[in-house]
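So the protein sequences, as listed, match chains A and B. Note that the working numbering has the first sequence beginning at 1, numbered continuously upward. Note that the working numbering has the second sequence beginning at 259, numbered continuously upward.
Calculated directly from the structure, the hints in this document are not laboratory data. This structure is a prediction, so every number in the text was calculated from the model and none was measured. From the three backbone atoms N, C-alpha and C, an ideal C-beta is built for every residue, glycine too. Treat the hints with care, as some may be off.
Dumping the calculated DSS-like pairs for lysine-lysine here, alpha-carbon to alpha-carbon at most 30 Å [said to hold, decoys possible]:
#1 Lys442/B / Lys375/B
#2 Lys444/B / Lys36/A
#3 Lys442/B / Lys12/A
#4 Lys273/B / Lys36/A
#5 Lys337/B / Lys485/B
#6 Lys337/B / Lys232/A
#7 Lys336/B / Lys36/A
#8 Lys36/A / Lys272/B
#9 Lys375/B / Lys232/A
#10 Lys375/B / Lys4/A
#11 Lys15/A / Lys327/B
#12 Lys444/B / Lys15/A
Facing chain B, according to a computed beta carbon distance under 7 Å, are these residues of chain A, among others [stated by the list, open to error]:
#13 Gln128
#14 Asp130
#15 Ala131
#16 Thr134
#17 Ala136
What follows is a list of derived Cβ distance ranges for each label pair [unchecked claim]:
#18 Glu328/B / Thr17/A: 23 to 31 Å
#19 Leu31/A / Ile429/B: 25 to 33 Å
#20 Leu246/A / Ala366/B: 14 to 22 Å
#21 Leu367/B / Gly229/A: 32 to 40 Å
#22 Leu367/B / Ala164/A: 41 to 49 Å
One letter stands for each residue in the lines below.
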Amino acid sequence: MFTKILTYIGSKAIKFTQEAGRLFIMFGQTLSWIFKPPVNIRNIFQQMEAIGVNSLPVVIIMGMFTGMVLAIQTYTGFRRFSAENYMGPVVALSITRELGPVLTGLIVAGRAGAAMAAELGTMRVTEQIDALETLATNPIKYLAVPRFLAGFVMLPLLTVVADAVGMIGGYLVAVHVLNANSVIYIRMSTDYLRLNDIYGGLLKACVFGIIISIVSCYKGFYTEGGAEGVGKATTGAVVYSMMLILIANYFMAALLFR
Amino acid sequence: MIDILNLHKSFNNKKVLQGVNLHVERGETMVVIGGSGSGKSVLIKHVIGLLNPDEGSVVVDGVDISHMKENDLNELRKKFGMLFQGAALFDSLTVWENVGFGLMQHTALSKEEIRDKAKSKLEMVGLRGVEDLMPSELSGGMRKRVGLARAIAMDPQIMLYDEPTTGLDPIMADAINDLIIEMKRKLNVTSIIITHDMVSAYKICDRIAMLFEGRILEVGTADEIKKSEDPIVHQFITGSSVGPIKAV
Ligand SMILES: Nc1ncnc2c1ncn2[C@@H]1O[C@H](COP(=O)(O)OP(=O)(O)OP(=O)(O)O)[C@@H](O)[C@H]1O
Ligand SMILES: [Mg+2]
């Protein structure tokens, strides 16, 4: 019994180290292939569309409602100690620093990350990745690099949209539903919000983009076992990306916003 | 040209290849036969470096490919063409983009030129008017032939075919056999061909090698194989369920 538990823990630990190692190797290889010609413009734009443009509607809806609910919650909370005037800055700071980048990251992980892992996983089990190699084309260069670049560029852009829409949503609810004073709301927001808050959030978004693309490519590339394996890879990609996003978010918040 | 030396490979403790030795001359067509699951596909994947041997080596043109640097290996692979058992077409690309993939990646030809080349390769495998379809719109036999067109698109010196005629009607299968023979005669292509189709095997081969229990059991010309006294080879080529190989 005791040895069984130890064996179990041991094998899990080995598997974890192996996966982490492969993930970092994949990251390193992807970085090393980015600057080697030829640049595959078409694949990059395709991926930017898949990750960025196609996620736009969800991100807009997410941003809008997050901003709106934030306004309601801060209003009811702050009214208890007559601090309603601080509603604007609280909404703006929460969105730009945390909710904008993190929720965007989670949504893209669920949407584009899953799609990426499923596509690459299918390519692996149907030998399309092997076929790439026989055609003297490096799969990391051809498949992973465009996804990496697209994630790195599109996540911050989506976050800008989420931030903007979120603040508009907060403003609309504050002014038109909760009857806050429009001038004070805007004035307080602009007084307290610094560019660094926004930059910090965008930097986090870049890191989330890297996490999503690398984890999903890794899971796709190492898929085995037919359709069932593709399913597992997809779930794994989403779960790992989300966990890593939340963990990385804490450490970056601790470093960036002290 | 191709030397497979004492090749061993296992997957998860399952021994698939256990010391394969095979020599293929320049310009020779070597047909590999063997039971389902005997490791034929695993064997040719080693020849193009998709799999790395646990033990032994594969030497192509005097170089051991399992210890090659990635760049050199890719240079070497440009001389290869490989047809996969399941065709392995890129399903996000159209048929002509599949066929022209190598040209697109490795030559400076214009899109139109590549398209024309792809078209002529497709005609060589008996396909017309399918350039702009997606692979998902093709039948199994058509996919196989697009895979073949893609494999020959860069005019390779070495061809690896994994069951080129499986899934084709008999007439089309024979047309593919003629294509294989013609490529050998005109371009002196060296080929390794996996097939279960003994009629094709006799027609296209210079020699036939039988893979059994992880080793090459026998190698010889079509006549030598036909006259083989080995009961296993005899049972296999006559396709009988009675004999030393147990089917069920
Ligand atoms: N990537 C892999 N991982 C694990 N096992 C594998 C892998 N590739 C092949 N095998 C195993 O190796 C053995 C040989 O497979 P292979 O595909 O070479 O057979 P084959 O001779 O080509 O058969 P068929 O004629 O049916 O195509 C099989 O038992 C298969 O399960
Ligand atoms: Mg096979």
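Hint by hint, which ones does the structure fall short of? 2, 3, 4, 5, 6, 8, 9, 10, 12, 19 and 20
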